[in-house]
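The hints should help you fit chain B onto chain A, whose structure is shown.
Protein sequences appear in the order of chains A and B. If you count the first sequence from 1, position 316 lands on 316 in the working numbering, and the numbers rise without skipping. If you count the second sequence from 1, position 271 lands on 271 in the working numbering, and the numbers rise without skipping.
If you are wondering where the hints come from, they were derived from the structure by calculation, not from laboratory data. Beta carbons: idealized from backbone N, C-alpha and C, even for Gly. Some clues are possibly wrong.
[Stated by the list, open to error] No farther apart than 30 Å at their CA atoms in a straight line, the calculated lysine-lysine pairs in the DSSO-like style are these:
| no. | chain 1 | residue 1 | chain 2 | residue 2 |
| --- | --- | --- | --- | --- |
| 1 | B | Lys135 | B | Lys277 |
| 2 | A | Lys154 | B | Lys277 |
| 3 | B | Lys277 | A | Lys156 |
[Unchecked claim] Partner residues aside, some chain A positions facing chain B, computed with beta carbon under 7 Å:
| no. | residue |
| --- | --- |
| 4 | Pro110 |
| 5 | Leu114 |
| 6 | Asp117 |
| 7 | Glu128 |
| 8 | Phe143 |
| 9 | Leu157 |
| 10 | Val160 |
| 11 | Val279 |
| 12 | Met315 |
| 13 | Gly319 |
| 14 | Ala320 |
[Stated by the list, open to error] Partial selection, computed: residues in chain A whose CB lies under 10 Å from chain B:
| no. | residue |
| --- | --- |
| 15 | Ile29 |
| 16 | His113 |
| 17 | Val122 |
| 18 | Ala321 |
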Amino acid sequence: MNDFLARLRRLDERWGYFILVVVALLFPIIVRSDRWIQVANFFFIYAMLGLSLNIILGYAGLFQLGHAAFYAIGAYTTAILSTHFHIPVFVLLPIGGILAAVFAILLSRPILHLRGDYLCIVTIGFAEIVRIALRNDVSSLVFLANIPGLAFLKEKLEAVVITGGPNGIMGIARPRIFGLVFRQQWHYFYLFLAFVAFTIFAMRRLENSRLGRAWTCVREDELAAEAMGIDTVKAKLLAFALGAAWAGVAGSLYASWVTVIAPESFRFWEAVIMFCIVVLGGTVTIPGVLVGTIGMIVLPELLREALSNIQQWRMLIFGAAMIFMMVVRPEGLWPSQRFRRELELARETAAPGS
Amino acid sequence: MGQLLQQLLNGLTIGSFYALIALGYTMVYGVLKLINFAHGDLFMLGAYLGLVTLMGLVVNVGLSANLLIFILIFLIVMIVVGTVGVILERIAYRPLYRAGRLPGIVSALGASIFLQNGVMLLYGARYRTFPEEFKRAVPEVMWTFGGARLTLMQVMMLVISFLMMASLYFFVNYTRVGTAIRAVALDHDTARLMGIDVNRIIVLVFIIGPALGAAGGIMVGLFYGRIYFTLGWSYGIKAFTAAILGGIGNIPGAMVGGLLLGLIEALATGFVSDAWKNAIAFFILVIILILRPRGLLGERVAEKL
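In isolation and in its complexed conformation, chain A is listed as follows (with noise of 0.2 Å):
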């Protein structure tokens, strides 16, 4: 395993990455089934989510267990911009994603200065404050009316929905370009591998641009990137930001590609699935976190068919893998050299505790 993994990696990368493409263009032609053509866009849309959240947990470091807010805020803008207004679905790809990283610089801001864990449960607590104000939508704001001065509010509040509460938004209108509307589900692969294929190489541009050794400098060390001149604050910023504004796209599609989008969709588990798909694969690579995105979202659904009989032992063998799969590859699957380098750094010179 290891020695064909080393192998692989050897490949020049872009050669992959055409033969990845010519594959994956002829997919649903092979497949020919619309179960796995389904499983295939799901995988697009979390290989985006991975990748988006790859920036940040990733390049910059940052511990982000709250990504699923950015992903709920791009559906939602769909969603509501869609069913009120009738825009279409391409103009409010961008709208959702930049929405999305509006609402990532407001959060970010004023906790970059957190570190690790702290952040970590500070993201967590935004995701479920998005969660919860999905969930119970304008007229649940009802009491601001008790407060003495206010009670004009109750009325105006009472008729407001906007978010459609536990139920969600439906009828979201479905894409559309030069009169073709996409409807099958091979008509959603080819939309979402383009938008795959142009994530991947904007990622691999992003990796080796300024920004990105900034990012390399602020996690590897803080200190030092600040010495050298790095703006730590506004590269971190700008990592909340793309990250955040990608996941704001993926949601648009997500919401474009279900037509019925709910609070549930969005919990705390799809944010747990992210952070899972980003170390599982091997943080920082755009490889690993492909393969990550096949180890949590396509791996799942194989063990349904291979344990049709034991359905029910699914998650359970899922979980156990997910410890077995660290334990043996504490690094991932597919890491970069640079990280594995970190890793060992890590090991010969620290302790946990110190």
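Then chain B, alone, in the frame of chain A:
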């Protein structure tokens, strides 16, 4: 006035549950710098095992549900869950001590999924209720003062939690082993040089934390009367919030954080809106962390990530 007092009492009760669970997070974090996301599920396991042993001893063996039985059940469940904690540490965490932080978190999340689904397979996906007769084991005494009600059950739970927290506090601060725990929390290598068996201390922490969580689980089950297999996540996130609120790694901090969180929630339920209580709790957490980045009782130490 009566309502305020009532909400304060409720908040104190819920808060003491949070505090008990938060201690497990904070102790493990103290010695390993690891967020044990499976801790909430150990708490949930405690609640289920509490129900099962209670049913087993009272319904099957036919013992009457008196106080002695309750103490016995607490002991059994705490020992069993403590053992599960040790096994978990041995399998899922020990191989990862030197692998950085992220793999440990994913391993813990895997353990959490494993425990949740294990309990679901064993005891079913539907919620389980604690039979009413168990509540009657505690005499139904109730005090009313200033418009607020306080039951004997509530008083007993408060007493049990505070006793446990106080004994933990004294154990950690005034015994030799406690000193060793604090030494390991500060620096593994130096502790080892002082002749402390670091791995044994870690194992000890993985017994104490889950055992306290399990006690919290039984009490939550008895207090609310119904338990479900996802209980671990809803309470786990709250308790983790409490630990962070007080300053993670700090034992009195976890107690203060837990009680404070319980009070915030109860007041939010009573005076603002039940639907928004969690959002309000998290909002206050964010505000406190902006003002005090290391929590209420957290020390200012330079942290190397």
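Against the structure, the hints:
Distance hint between lysine 135/B and lysine 277/B is fulfilled; the C-alpha atoms sit about 28 Å from each other, no more than 30 Å. As the CA atoms of lysine 154/A and lysine 277/B are separated by approximately 20 Å, the hinted pair is consistent with the 30 Å bound. Proposed proximity of lysine 277/B and lysine 156/A is supported: the alpha carbons are some 23 Å apart, at most 30 Å. The interface hint given for proline 110/A is met, as the beta carbon of that residue sits about 5 Å from the closest beta carbon of chain B, less than 7 Å.
Annotation: leucine 114/A was flagged as interfacial toward chain B, and the flag holds, the nearest CB pair being 5 Å apart, inside 7 Å. Given the 7 Å rule on beta carbons, the hint for aspartate 117/A holds: about 6 Å separates it from the nearest Cβ of chain B. The beta carbon of glutamate 128/A is positioned within 7 Å of a beta carbon in chain B (closest approach about 6 Å), and the interface hint is therefore held. Using the Cβ-Cβ criterion of 7 Å, the hint placing phenylalanine 143/A at the interface with chain B is satisfied: the shortest such distance is roughly 4 Å.
The criterion of a C-beta within 7 Å of any C-beta in chain B is not met by leucine 157/A, whose closest approach is roughly 12 Å, and the hint is violated. The closest approach between the C-beta of valine 160/A and any C-beta of chain B is roughly 15 Å, which is over the 7 Å cut-off, so the hint fails. The closest approach between the C-beta of valine 279/A and any C-beta of chain B is roughly 5 Å, which is under the 7 Å cut-off, so the hint is satisfied. Among the interface hints, the one on methionine 315/A holds; its C-beta lies about 4 Å from the nearest C-beta in chain B, closer than the 7 Å criterion.
A distance limit of 7 Å between C-beta atoms decides the matter here; for glycine 319/A the minimum to chain B is near 3 Å, and the interface restraint holds. Annotation: interface hint on alanine 320/A holds; nearest CB of chain B at approximately 5 Å, less than 7 Å. The beta carbon of isoleucine 29/A is not positioned within 10 Å of any beta carbon in chain B (closest approach about 35 Å), and the interface hint is therefore violated. Proximity of histidine 113/A to chain B holds as hinted, the smallest CB-CB distance being about 6 Å (cut-off 10 Å).
Because the beta carbon of valine 122/A sits about 6 Å from the nearest beta carbon in chain B, less than 10 Å, this interface hint is met. With 10 Å as the threshold, the beta carbon of alanine 321/A comes within range of chain B, its nearest partner Cβ sitting at about 7 Å, so the hint holds.
Checked against the numbered hints listed earlier, the structure breaks hints 9, 10, 15; every other hint is satisfied.
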